[in-house]
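Residue numbers (our numbering), protein chains in the order written: chain V, 1 to 378; chain G, 1 to 378.
Incorrect hints may have been included.
Copies of the same chain look alike in the list, so a pair counts if it fits in one copy or across any two.
[What the hints assert, rightly or not] Cut-off 20 angstroms, straight-line C-alpha distance, at most; resulting in silico cross-link-like pairs (SDA-like, lysine to any residue):
no., residue 1, residue 2
1, Lys82, Asp316
2, Lys225, Gly313
3, Lys126, Asp302
4, Lys214, Arg306
5, Lys343, Leu275
6, Lys16, Pro234
7, Lys355, Leu28
8, Lys61, Thr182
9, Lys347, Arg306
10, Lys126, Gly313
11, Lys185, Gln90
12, Lys44, Glu370
13, Lys225, Gln309
14, Lys171, Tyr7
15, Lys185, Phe6
16, Lys214, Ile224
17, Lys122, Tyr62
18, Lys185, Glu349
19, Lys129, Tyr29
20, Lys16, Asn165
For the record, the hints were derived by calculation from the structure and aren't laboratory data.
2 protein chains.
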Amino acid sequence: MENFNFYNPVSIHFGKDVLNELADTIKLYGNNILLVYGKGSVVKNGYYNLVVNILNKNGIKYTEISGIKPNPVDSDVDEAVKIGRQEKVQAVLALGGGSVIDSSKAMALCIPENLSAWEVLKGRQKPEKALPLITILTLAATGTEMNHFSVLQNHQTNEKLGFRNPLMYPKHSFLDPQFTITVPKNYTAYGIADIIAHAFEGFFGGGNSPLADKFAASIITECIKFAPLVLNEPDNYEYRANILLQSTYALNGTTTIGKISGDWGTHAIGHTLSLLYDIPHGASLSIAYPAWFKLMKHQIPDEIKRLAQLIFGLNDIDLFIENLEQFYISIETPVRLEDAGIKRNKKNEIVELMKKNQISGFFHKFSNYEKLTELMYR
Amino acid sequence: MENFNFYNPVSIHFGKDVLNELADTIKLYGNNILLVYGKGSVVKNGYYNLVVNILNKNGIKYTEISGIKPNPVDSDVDEAVKIGRQEKVQAVLALGGGSVIDSSKAMALCIPENLSAWEVLKGRQKPEKALPLITILTLAATGTEMNHFSVLQNHQTNEKLGFRNPLMYPKHSFLDPQFTITVPKNYTAYGIADIIAHAFEGFFGGGNSPLADKFAASIITECIKFAPLVLNEPDNYEYRANILLQSTYALNGTTTIGKISGDWGTHAIGHTLSLLYDIPHGASLSIAYPAWFKLMKHQIPDEIKRLAQLIFGLNDIDLFIENLEQFYISIETPVRLEDAGIKRNKKNEIVELMKKNQISGFFHKFSNYEKLTELMYR
């Protein structure tokens, strides 16, 4: 087992109508905030009104940053940092899914010292403080609500990268499963693919921690169990609550205790696809993982077999991959590039960008981009 | 799934030689501390010297509180509170196992406002602040290093009770598996019984959270797997590290996410035995749990079967209890009162104290103390 530090101070408010505790929570930090949200589904579904009513009723001043993109961009963060500084906001309130929260983390980190998001991400600027961040989650997927990671992309450099900073832990995250009931079927499925991918990354991380591996496998098996249930009955509170809890635990450190960190190789493949074709993050992962397993099966057969045993009770890697693909197909997430509308003639473009950005895993390295991409087309 | 709040801000420093980070960590909070330890095994094993050398070398002043008893007593805490106030300590450093850390939690909570430990435990005094607490763990068992619980006993009232307060979360806990290598075989086994009992309490807690149940079962199966390994090879770092990680995760909230709380009925039985006969906590639990399962098997058969399936792949409750008892016997923890030297003629005394203290579970209540006690004798 590796030496490790674990610290996760996020206060989780989970369950029905937990926004009852929102105003008092914000007031712990001030009464002038930045309210960040996305493209309008939170408006359409009434969550925006609900939150704004709470703010108005409690005399909390808010400045709005709206229109955060599904694959969030560093320049939008920089724009919001300017506004946040002008308005002298005391805290950031994120209302949305992973992209809104990831952007808000970067804003909270950059506002106090007027930093540039991409410079911080690249480690060239080092923040010493951050504004308090409070999140209200509307999508079970990224786990960002309970960790200190953020992923941003930069269209100038054509990179999509994750970074971490303990100052980016939200102070509080409000997780009401009712807010996830309006998530459409396809995005529910992409979220599920993301949850499972996070647990995979933990499982294939650096170091030997059988308990962490059992935790990862528990999340995967429960997620596979609840996936068809929630897709068949999207307004079932209990199913939504279970998926939401799985998503939070898939990336809050539980699956990497006793390890150095997760592997993140397959996420890097997915990021390449999102950068080029703006496809949803979860959809990129259900394409990338089967190909990655096929690429790695001779390199790390024992690890893959151990996972296959824990999840499906299988000892055969090919059968494991087949089962996994069948699962993705059953929830209608793509398993091949062409399923996501990415035609054969894009192959070189993908290979070239992987090469340029030198994508790889942390612990199970790969560089055969040609073969990997071919496997994503089959 | 139940609504829940989760908040666990303990910073864990886990692994070989993590005390390298101790001095810098203490200095975050001050340079005048209360150093709390137990009966002398930490002196005999050299851990005391190691810590004191670090303190001396770094100019950190310390006042010693030694002689904390294995089943810690409120009056010892009150005595230490006086001394801590006199010396104007800025933090508490606990070096030891569960009893030392539980006592230190109460000290840290009572020193700033000069409170009485038992009054706080009973909820009649409500602390508003606490001193920072740093722990160095020497025994894998109670999980106190990463939670806000403490258990104290009171010889005046003949009660042994747990209480919780978010102010009692340690700021930092140092977990070096090397420090647990000197734990004798019997106490290693009692610790294992305690770890498993915590996971049981989570499993039988209030509310329905299949993911939490899988986490609990993961801890139990891993603990059952590593128990014979560590007992056969007590100086194996890897085995000790795994047991230590299991003990921390068995009671840091992971097994009760999505639930109201753990059940704690069987711990209350164990506390009765420790109060009367001062037997080690873990030993009291390997006696109490089989009896509790036998008492409850007609009341909650489905829950017990679900646990039996997850741990041993069994559907038969009696066979499950037999397997569990065989496991306890294999690690030489007692499964009957007479194994722990508690003779038949004590039966009434036990029944009477359970009756007087109205012990019971939170969610699976019991009051047939006569039958329960009989089952502990077989």
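Going through the hints against the structure:
1. Lys82 - Asp316: Neither way: Lys82 and Asp316 sit 55 angstroms apart in one copy and 65 angstroms across, limit 20 angstroms.
2. Lys225 - Gly313: both (14 angstroms within a copy, 19 angstroms between copies)
3. Lys126 - Asp302: Neither: 40 angstroms inside a chain and 54 angstroms across chains, both beyond 20 angstroms.
4. Lys214 - Arg306: both (10 angstroms within a copy, 18 angstroms between copies)
5. Lys343 - Leu275: Close inside one copy (16 angstroms), not across copies (73 angstroms); limit 20 angstroms.
6. Lys16 - Pro234: Classified as within; 16 angstroms inside a copy, 47 angstroms across copies.
7. Lys355 - Leu28: So Lys355 and Leu28 fail the 20 angstroms test inside a copy (47 angstroms) and across (45 angstroms) alike.
8. Lys61 - Thr182: Close neither inside one copy (28 angstroms) nor across copies (58 angstroms); limit 20 angstroms.
9. Lys347 - Arg306: Cα proximity of Lys347 and Arg306: none, with 32 angstroms in one copy and 49 angstroms across.
10. Lys126 - Gly313: For Lys126 and Gly313, neither the intra-copy (46 angstroms) nor the inter-copy (51 angstroms) Cα distance is at most 20 angstroms.
11. Lys185 - Gln90: Answer is neither; intra-copy 37 angstroms and inter-copy 54 angstroms both fail.
12. Lys44 - Glu370: Intra 43 angstroms, inter 61 angstroms, cutoff 20 angstroms: neither.
13. Lys225 - Gln309: Result: close both inside a copy and across copies, 16 angstroms intra and 17 angstroms inter.
14. Lys171 - Tyr7: both (13 angstroms within a copy, 10 angstroms between copies)
15. Lys185 - Phe6: neither (35 angstroms within a copy, 29 angstroms between copies)
16. Lys214 - Ile224: both (15 angstroms within a copy, 14 angstroms between copies)
17. Lys122 - Tyr62: neither (30 angstroms within a copy, 42 angstroms between copies)
18. Lys185 - Glu349: neither (30 angstroms within a copy, 61 angstroms between copies)
19. Lys129 - Tyr29: Both, since 14 angstroms and 19 angstroms are each at most 20 angstroms.
20. Lys16 - Asn165: neither (30 angstroms within a copy, 24 angstroms between copies)
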